[in-house]
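Colleague: The chain contents come next:
2 protein chains.
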Amino acid sequence: MSNTELEALRERVDEINLQILKLINERGKLVQEIGKAKEAQGVNRYDPVRERKMLDLIKEHNNGPFEDSTLQHIFKEIFKAALELQEDDHRKALLV
Amino acid sequence: MSNTELEALRERVDEINLQILKLINERGKLVQEIGKAKEAQGVNRYDPVRERKMLDLIKEHNNGPFEDSTLQHIFKEIFKAALELQEDDHRKALLV
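For the record, the sequence lines run as chains W and A. So for the first sequence, my numbering puts the first residue at 1; every next one is plus one. So for the second sequence, my numbering puts the first residue at 97; every next one is plus one.
These are computed hints drawn from the structure, not numbers from a lab. Misleading hints may appear alongside valid ones.
Claimed, not checked - Stretches of chain A that chain W covers, calculated by requiring three or more beta carbons in the stretch to come under 8 angstroms of a beta carbon on chain W:
{"hint": "1", "region": "104-117"}
{"hint": "2", "region": "121-131"}
{"hint": "3", "region": "139-148"}
{"hint": "4", "region": "154-163"}
{"hint": "5", "region": "177-189"}
Don't be surprised by glycine CBs; every beta carbon is placed ideally from N, CA and C.
Using the sequences provided together with the hints, build the complete structure.
Modeller: Below, the structure written as structure tokens:
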């Protein structure tokens, strides 16, 4: 493989990184909306049953090369970050 | 917000999860190709300069709601998983 080909692969990786970034942030905004709705209903934001369902769906659609366990680990980090975002919103709401 | 609206938001989150899954796996395949090329060139697979460049580009394009530090943490997990994938390929190559 030439350096030009290697460079092309790296550019593709950068594009994918930015697409993932966009989706994670879009997901963050949706989860903020969900958090507000649950807050209004007085429901707890953390929902382990819903988290399990999301992970099962991911596992079901996984065609590799990553193992289910690796993807589960990455997605749990994404879920945790979103939960922290909801908690920040909750704290801000309390301070108003 | 009605339960139907909440359900619609959740469905959207599930769609985004599956899009992220697809991109992470696509990224994994590209990184495997890059790993093979670097292996052929006798270059080390882990490249902290390249990793820093990827993180800088992500930071540059981040429009929130997530903080740069949160995204950096998530992406480092994605990078780590890809590196482990390359290492598995390397071990398999040695066993052939």
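Colleague: Against each hint, give a clear statement of whether it holds in the structure.
Modeller: Now the hints, each set against the structure:
no. : hint    : verdict
1   : 104-117 : holds (count 11)
2   : 121-131 : holds (count 10)
3   : 139-148 : violated (count 1)
4   : 154-163 : holds (count 7)
5   : 177-189 : holds (count 3)
In this structure, the one hint that does not hold is number 3.
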